[in-house]
Amino acid sequence: MGATSIYLNGRLAGTHPDGDNLAKRLRERRRMNELNGQINIYYDRRLNELHIVSDKGRVRRPYIVVEGGKSRLTPEVMTRLKNGDLNWHHLVKMGIIEYLDALEEENTLVACRAEDMTEEHTHLEVDASSIFGVVAGVLPYPEHNSSPRITMACAMAKQSLGTFLTNFNLRYDTRNYVMYYPQQPMVQTSIYKALNLANKAAGQNCVVALTSYHGYNMADAIVVNKSSIDRGLLRVAMFKTYETEERLYPGGQKDKIEIPTAEVAGYRGEEAYKHLAEDGIIMPESDVGGKEVLVGKTSPPRFLEEISVFGTVEEKKRESSLALKPGEQGRVDSVLVTEGPSGNRLVKVRIRATKTPEVGDKLASRHGQKGVIGLQVPASDLPFTADGVVPDLIVNPHAIPSRMTAGHLLEMLGAKAGSFNGKLVDGSAFSGNTEEEFRASLKSIGFDEYGEEVLYDGLTGKQIKCKIFVGVCYYQRLHHLVSNKMHVRSRGPVQLLTHQPTEGRAREGGLRFGEMERDCLIGYGASMLIRERLLGESDKTVQLVCTECGSIAIHDYARNRDVCPVCESENVEPLEMSYAFKLLLDEIKSLYIFPRIMTREKG
Amino acid sequence: MYKKLKSAIAPYEAVGVVAAQSIGEPGTQMTMRTFHYAGVAEHVPTGLPRLIEIVDAKKEPKKPIIDIYLKKDFRSEAEAAKVARELSSVFVSDVAEVEDDLQNLTVDITYSEKDGKALGVSFAALRKVLEESSAKLRISENVITLYPKKVKPKEGEKEKEVTARSVRKLANRIKDGIVKGVRGIHRAVVVKGDGEYFVRAAGFNILGAMEHPAVDSKRIYTNNIKEIERVFGIDAARNSVLKEIKDVMDMQKLYVDTRHIMLISDAMTNSGKVRSIGRHGLSGQKVGVLGRAAFEETVKHLINAAAFSDEERLVGVTENIIVGQTVPVGTGKIRLAMSHKK
Numbered sequence: 000m001g002a003t004s005i006y007l008n009g010r011l012a013g014t015h016p017d018g019d020n021l022a023k024r025l026r027e028r029r030r031m032n033e034l035n036g037q038i039n040i041y042y043d044r045r046l047n048e049l050h051i052v053s054d055k056g057r058v059r060r061p062y063i064v065v066e067g068g069k070s071r072l073t074p075e076v077m078t079r080l081k082n083g084d085l086n087w088h089h090l091v092k093m094g095i096i097e098y099l100d101a102l103e104e105e106n107t108l109v110a111c112r113a114e115d116m117t118e119e120h121t122h123l124e125v126d127a128s129s130i131f132g133v134v135a136g137v138l139p140y141p142e143h144n145s146s147p148r149i150t151m152a153c154a155m156a157k158q159s160l161g162t163f164l165t166n167f168n169l170r171y172d173t174r175n176y177v178m179y180y181p182q183q184p185m186v187q188t189s190i191y192k193a194l195n196l197a198n199k200a201a202g203q204n205c206v207v208a209l210t211s212y213h214g215y216n217m218a219d220a221i222v223v224n225k226s227s228i229d230r231g232l233l234r235v236a237m238f239k240t241y242e243t244e245e246r247l248y249p250g251g252q253k254d255k256i257e258i259p260t261a262e263v264a265g266y267r268g269e270e271a272y273k274h275l276a277e278d279g280i281i282m283p284e285s286d287v288g289g290k291e292v293l294v295g296k297t298s299p300p301r302f303l304e305e306i307s308v309f310g311t312v313e314e315k316k317r318e319s320s321l322a323l324k325p326g327e328q329g330r331v332d333s334v335l336v337t338e339g340p341s342g343n344r345l346v347k348v349r350i351r352a353t354k355t356p357e358v359g360d361k362l363a364s365r366h367g368q369k370g371v372i373g374l375q376v377p378a379s380d381l382p383f384t385a386d387g388v389v390p391d392l393i394v395n396p397h398a399i400p401s402r403m404t405a406g407h408l409l410e411m412l413g414a415k416a417g418s419f420n421g422k423l424v425d426g427s428a429f430s431g432n433t434e435e436e437f438r439a440s441l442k443s444i445g446f447d448e449y450g451e452e453v454l455y456d457g458l459t460g461k462q463i464k465c466k467i468f469v470g471v472c473y474y475q476r477l478h479h480l481v482s483n484k485m486h487v488r489s490r491g492p493v494q495l496l497t498h499q500p501t502e503g504r505a506r507e508g509g510l511r512f513g514e515m516e517r518d519c520l521i522g523y524g525a526s527m528l529i530r531e532r533l534l535g536e537s538d539k540t541v542q543l544v545c546t547e548c549g550s551i552a553i554h555d556y557a558r559n560r561d562v563c564p565v566c567e568s569e570n571v572e573p574l575e576m577s578y579a580f581k582l583l584l585d586e587i588k589s590l591y592i593f594p595r596i597m598t599r600e601k602g
Numbered sequence: 000m001y002k003k004l005k006s007a008i009a010p011y012e013a014v015g016v017v018a019a020q021s022i023g024e025p026g027t028q029m030t031m032r033t034f035h036y037a038g039v040a041e042h043v044p045t046g047l048p049r050l051i052e053i054v055d056a057k058k059e060p061k062k063p064i065i066d067i068y069l070k071k072d073f074r075s076e077a078e079a080a081k082v083a084r085e086l087s088s089v090f091v092s093d094v095a096e097v098e099d100d101l102q103n104l105t106v107d108i109t110y111s112e113k114d115g116k117a118l119g120v121s122f123a124a125l126r127k128v129l130e131e132s133s134a135k136l137r138i139s140e141n142v143i144t145l146y147p148k149k150v151k152p153k154e155g156e157k158e159k160e161v162t163a164r165s166v167r168k169l170a171n172r173i174k175d176g177i178v179k180g181v182r183g184i185h186r187a188v189v190v191k192g193d194g195e196y197f198v199r200a201a202g203f204n205i206l207g208a209m210e211h212p213a214v215d216s217k218r219i220y221t222n223n224i225k226e227i228e229r230v231f232g233i234d235a236a237r238n239s240v241l242k243e244i245k246d247v248m249d250m251q252k253l254y255v256d257t258r259h260i261m262l263i264s265d266a267m268t269n270s271g272k273v274r275s276i277g278r279h280g281l282s283g284q285k286v287g288v289l290g291r292a293a294f295e296e297t298v299k300h301l302i303n304a305a306a307f308s309d310e311e312r313l314v315g316v317t318e319n320i321i322v323g324q325t326v327p328v329g330t331g332k333i334r335l336a337m338s339h340k341k
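Chains as they are written, first to last, in numbering that gives the first Met the number 0: chain C, 0 to 602; chain Z, 0 to 341.
Rather than coming from a laboratory, the hints here were simulated on the basis of the structure. Some hints here could point you the wrong way.
[Stated by the list, open to error] Straight-line Cα separation of at most 30 angstroms, DSS-like style, residue types lysine-lysine; simulated pairs:
#1 Z:Lys-5 with Z:Lys-299
#2 C:Lys-369 with C:Lys-273
#3 Z:Lys-179 with C:Lys-539
#4 C:Lys-581 with Z:Lys-332
#5 Z:Lys-272 with Z:Lys-71
#6 Z:Lys-332 with Z:Lys-62
#7 Z:Lys-285 with C:Lys-539
#8 C:Lys-539 with C:Lys-361
#9 Z:Lys-62 with Z:Lys-299
#10 Z:Lys-58 with Z:Lys-113
#11 Z:Lys-71 with Z:Lys-57
#12 C:Lys-484 with C:Lys-324
#13 Z:Lys-135 with Z:Lys-116
#14 Z:Lys-332 with C:Lys-539
#15 C:Lys-581 with Z:Lys-2
#16 C:Lys-581 with Z:Lys-71
#17 Z:Lys-61 with Z:Lys-332
#18 Z:Lys-57 with Z:Lys-332
#19 Z:Lys-58 with Z:Lys-179
#20 Z:Lys-2 with Z:Lys-217
#21 C:Lys-588 with Z:Lys-61
#22 C:Lys-588 with Z:Lys-245
#23 C:Lys-324 with C:Lys-347
#24 C:Lys-157 with C:Lys-69
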């Protein structure tokens, strides 16, 4: 084999007769702290290349160094660690722990657990659960769940509402949520603790019964205890910031924040401005509803044509107030008056609204078990245990077997045992508390060791014939709230160009009756219904059509007669058509093609 | 009589849309399931790819297959194998190595004893085929050397020299020359089906196969619909479209009522030629300008309509939706008439 090429940060720096050996020696010196610990060395045997990298932007993670099948993290070191003589940084300096990047990782053989170590291993994971990333590491008992559910649980944990930051009161984010009474989970992992997430919790420990309730929790629906919700279960506050700026216009004109007067073009009526103070800005803690003005603002006219005879600009201002979006409501949390990036006066208004859990809101445990609230039931109507415990949530047991989320059951059992003992439970991957521990602990305090309870029907008071699994599970409220999505329309705005209904909730739009839906009605032969859907409920117009030349005619208001602008004939008939068709005719005309509509008496 | 009336389709029932939906809905499941078959070697396209092939009226399917049934006396395994051997085409390049010698401007053909024996082509047979080419032969042991002749020029043309280029062309032509069997029928194998042996081969040369005395020309079948149309006519093609679509559905274990498929094959063939469904076939021949413009190539149709001052009679469904009228299907076409007598 020829000389090894040595690359420093991807650039050829020189050659060496034995790259493998050089890599070993370099690593030794790094571990002896003679080389900077941020340097990584990678030897590619196939290409006979040695890469030494000190670049920025490499993702690195720590490993325990192993030599000859023995971990450098010896029992002596462990005792010194426990005594507090040493800390993490000492271990790194001592060459017991080193950080590897993606390249150097290729030269290693890493053991997950100390028991698995052999002569060939070069490193040991700090902890077996560190094979999970930050997000998955927070999930309890992942080794008892199927992998797709873990992926889903990770995705959903990112949508949970909790305490996203602790300084939310000082911030003016466009939109954020803060939970009223967040709790740390009963079942935590070592990574959860390491991240100190208990201070930014995003859920609550709920008493969960695995059973059905009058069919209201079919297909992943969840029945929720109404009384719990009234006491603040999973309650969330939404903060939303509206802002507006006093903009400068060319020609020295400027917006003005004030209460618009009735002369202003587009005046919304006195009622809309009722919350505004003299300065045109709303008072904090006022209750606001849809379309009500938060900041009154007037702008100069868009065009400068309205110049009076005396050469002064006529003060015909436009209304450009900042108003709450239609359908929203809340309270003004705070008002900030400041300066924008270009030095203009900027007003931010933060609205606060309580989002109480309601039917249709999405909840999820940390095992990829998501569901929407299907029914709220007063505690008096829910099943209860002999001790009088009423569940917060009733989850359908059909959610479990096909998805193989045994971890969910284990969490319920563990958290139940932990609740009675007043102790947090460790649910770390591969090393958490075991089912046996929970069972023994439940048994010792007189509970069914499998977590099952005798329940009594809240409606009849009769004992339910079979025992039902009841436990405690950490549930998250996810970002999908019906109140932010709900949308109906019967009549509403239409687009300017096509006269067809607008699209989307934000524009109060209609729901599209698409091509395939149309095909179904054709297949059914419901001819009149199609016409009503596609014409009557959309862009129906009546156009005048010249019966002689077939072009679209007009009504001449000055002489009060219908006339064809092309052939000047007065033989004009009204014709029902879609506005889109009229538009098509116009576009064809713009191509210098003359379309004619040939009419005939209906008979 | 009552039952006949009851089972008849009502006037103005939208049969086309219903047929399309009835095939399309199970078709969505098909797409997903075909995925699993991907990568199987030498597999004839089934599922959605094959369905598209049929509906597009492709000239030749991706994997053409011909089923050659045999006359009564030839239905044994041994006889069928013999026929299969006789039908399979063997190229010169299968039994010999063809090389062009550009220095001497000759083509050398080296007969391979081993391949020849395996395929049943003797040296003499090879020689006979080569003699048909317009070149002088020189034979030594198992090598035949061809000396291309100058082609006699037609009147007014210059005499063509034998060039390296023409030699290479000749060599390539010889490689593709058939020593044995029927052109367009390859890799014939014997298959047992319905208690008889028959020959299945890649390719589709129906007429070629029919020349063989053992072949039952009434039962020959190929998945090449265009070939069937060419040989047996449009009615046969109509039936084969029906059969091919049905086979695709059956293979996927999807059930679609035959009458929907019949409607499609009728629509594809009723003009007397097999037409594809799409812009170049059925949909491209819709009567209404607006209907065609709404489908594909909008501008082309509008411009042509303008240039020839076409009239839109509003007979189709799409056209009437565009202008905002009732659609001439179902309730849209039925009228009540009052009897004035009595």
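The hints, checked one at a time:
The straight-line distance between the Cα atoms of Lys-5 of chain Z and Lys-299 of chain Z is roughly 45 angstroms, outside the 30 angstroms bound, and the hint therefore fails. Distance restraint check for Lys-369 of chain C and Lys-273 of chain C: the Cα-Cα separation of roughly 43 angstroms exceeds the 30 angstroms cut-off, and the hinted pair is therefore not satisfied. At roughly 72 angstroms between alpha-carbon atoms, Lys-179 of chain Z and Lys-539 of chain C are farther apart than 30 angstroms, so this suggested pair is violated. For the given pair, Lys-581 of chain C sits about 25 angstroms from Lys-332 of chain Z by alpha-carbon distance, which is consistent with the 30 angstroms threshold.
Restraint check for Lys-272 of chain Z and Lys-71 of chain Z: not satisfied, since their Cα atoms lie roughly 34 angstroms apart, outside the 30 angstroms limit. A threshold of 30 angstroms between alpha carbons decides the hint, and for Lys-332 of chain Z with Lys-62 of chain Z the separation of about 45 angstroms lies outside it, so the pair is violated. This hinted pair checks out: Lys-285 of chain Z and Lys-539 of chain C have alpha carbons roughly 27 angstroms apart, not beyond 30 angstroms. At most 30 angstroms may separate the alpha-carbon atoms for a hinted pair to count; Lys-539 of chain C and Lys-361 of chain C exceed this at roughly 40 angstroms.
For the hint linking Lys-62 of chain Z to Lys-299 of chain Z, the alpha-carbon distance of about 35 angstroms lies beyond 30 angstroms, and the restraint is violated. Restraint check: the Cα-Cα separation between Lys-58 of chain Z and Lys-113 of chain Z comes to about 37 angstroms, which exceeds 30 angstroms; the hinted pair is violated. This hinted pair does not check out: Lys-71 of chain Z and Lys-57 of chain Z have alpha carbons roughly 34 angstroms apart, beyond 30 angstroms. Restraint check: the Cα-Cα separation between Lys-484 of chain C and Lys-324 of chain C comes to about 13 angstroms, which is no more than 30 angstroms; the hinted pair holds.
At most 30 angstroms may separate the alpha-carbon atoms for a hinted pair to count; Lys-135 of chain Z and Lys-116 of chain Z meet this at roughly 26 angstroms. Distance hint between Lys-332 of chain Z and Lys-539 of chain C is fulfilled; the C-alpha atoms sit about 21 angstroms from each other, no more than 30 angstroms. Under the criterion of a C-alpha separation no larger than 30 angstroms, the hint pairing Lys-581 of chain C with Lys-2 of chain Z is inconsistent with the structure, at around 48 angstroms. This hinted pair does not check out: Lys-581 of chain C and Lys-71 of chain Z have alpha carbons roughly 70 angstroms apart, beyond 30 angstroms.
A distance of roughly 43 angstroms separates the Cα atoms of Lys-61 of chain Z and Lys-332 of chain Z; the hinted pair therefore is violated under the 30 angstroms criterion. About 36 angstroms separates the Cα atoms of Lys-57 of chain Z and Lys-332 of chain Z, which puts this hinted pair outside 30 angstroms; it is violated. Pair hint Lys-58 of chain Z plus Lys-179 of chain Z holds up; C-alpha atoms about 26 angstroms apart against a cutoff of 30 angstroms. Distance restraint check for Lys-2 of chain Z and Lys-217 of chain Z: the Cα-Cα separation of roughly 37 angstroms exceeds the 30 angstroms cut-off, and the hinted pair is therefore not satisfied.
Between Lys-588 of chain C and Lys-61 of chain Z, the direct Cα distance comes to roughly 46 angstroms. Violation of the 30 angstroms bound is thereby established for this hinted pair. For the suggested pair Lys-588 of chain C and Lys-245 of chain Z, the alpha carbons sit about 48 angstroms apart, so the restraint of at most 30 angstroms is broken. A C-alpha spacing of about 15 angstroms is found between Lys-324 of chain C and Lys-347 of chain C, which places the hinted pair at or below 30 angstroms, so the restraint holds. Straight-line distance between C-alpha atoms of Lys-157 of chain C and Lys-69 of chain C comes to about 39 angstroms, which puts the hinted pair past the 30 angstroms bound.
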